[in-house]
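Novice: Let the hints inform the model, and build the full structure from the sequences given.
Position 72, counted from 1, in the sequence shown is what the working numbering calls 892; the numbers after and before it change by one each time, with no gaps.
Since the hints were made in silico from the structure, they are not lab data.
No false leads were mixed into what you were given.
Below, simulated DSSO-like cross-link-like pairs (lysine-lysine); rule was C-alpha separation at most 27 Å, straight line:
{"#": "1", "residue 1": "935", "residue 2": "945"}
{"#": "2", "residue 1": "909", "residue 2": "844"}
{"#": "3", "residue 1": "945", "residue 2": "859"}
{"#": "4", "residue 1": "945", "residue 2": "844"}
{"#": "5", "residue 1": "896", "residue 2": "844"}
{"#": "6", "residue 1": "935", "residue 2": "844"}
Simulated DEER-style distance windows between Cβ atoms:
{"#": "7", "residue 1": "863", "residue 2": "913", "range": "42 to 48 Å"}
{"#": "8", "residue 1": "912", "residue 2": "956", "range": "31 to 37 Å"}
{"#": "9", "residue 1": "937", "residue 2": "913", "range": "28 to 34 Å"}
{"#": "10", "residue 1": "864", "residue 2": "903", "range": "44 to 50 Å"}
{"#": "11", "residue 1": "868", "residue 2": "824", "range": "29 to 35 Å"}
{"#": "12", "residue 1": "860", "residue 2": "833", "range": "37 to 43 Å"}
{"#": "13", "residue 1": "857", "residue 2": "895", "range": "35 to 41 Å"}
{"#": "14", "residue 1": "940", "residue 2": "887", "range": "22 to 28 Å"}
{"#": "15", "residue 1": "853", "residue 2": "919", "range": "21 to 27 Å"}
{"#": "16", "residue 1": "854", "residue 2": "887", "range": "23 to 29 Å"}
{"#": "17", "residue 1": "914", "residue 2": "940", "range": "34 to 40 Å"}
{"#": "18", "residue 1": "944", "residue 2": "884", "range": "18 to 24 Å"}
Keep in mind it's a predicted model, so treat the numbers as computed, not measured.
Idealized CB from N, CA, C, for every residue including glycine.
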Amino acid sequence: NIVSYNAGSIRMQGAFYAAMGDAKISMIDVRDVGSAAAKILLDPQTHSGNTYEVNGPEAVSNSDIADRISRVAGRKISYVDIPEEAQRKATLDLGMQGWLVTAVLQLQEYYRTGKCVTVDGTVAKLTGQPERRLHQYLLANAASFQTHAACACGAELNSPHHASGGTSARERTLQPDET
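Specialist: Structure below.
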């Protein structure tokens, strides 16, 4: 969701916005969710009747995410905490459907309770592989955060008419202490 919800404002304004304060969540890469689901589906007898709460390998705040995107993008990216009603108005003004706006805000409210910081290795236990870390996701999606990346059609990504990811990026390897 970092790219889906925030890449446009990161490209155009060097910032992303949410009503989450300093809440931390253990973000999980969708590819890890898919890998865990595949393992469960391939061995239904072992997993029958079990419920798995999957989570990522670390709990991060939006300020942490902004710092890490800054390293990948090579420029300062900020997280701006905004009031919930400001987020509701802005997302509705961008054309998001009301029910989805409400769902996102309710999810963020849940994040603020602190109940989404669990890091327990469930995905690694299910898949036999370590969970993907945030820096891996950010590096793989670095083009989405660039200010003047070009898409295949030649349009600049910071154009308000182009909201998808790009095709070129200046990538660099994060050092272990930058994860």
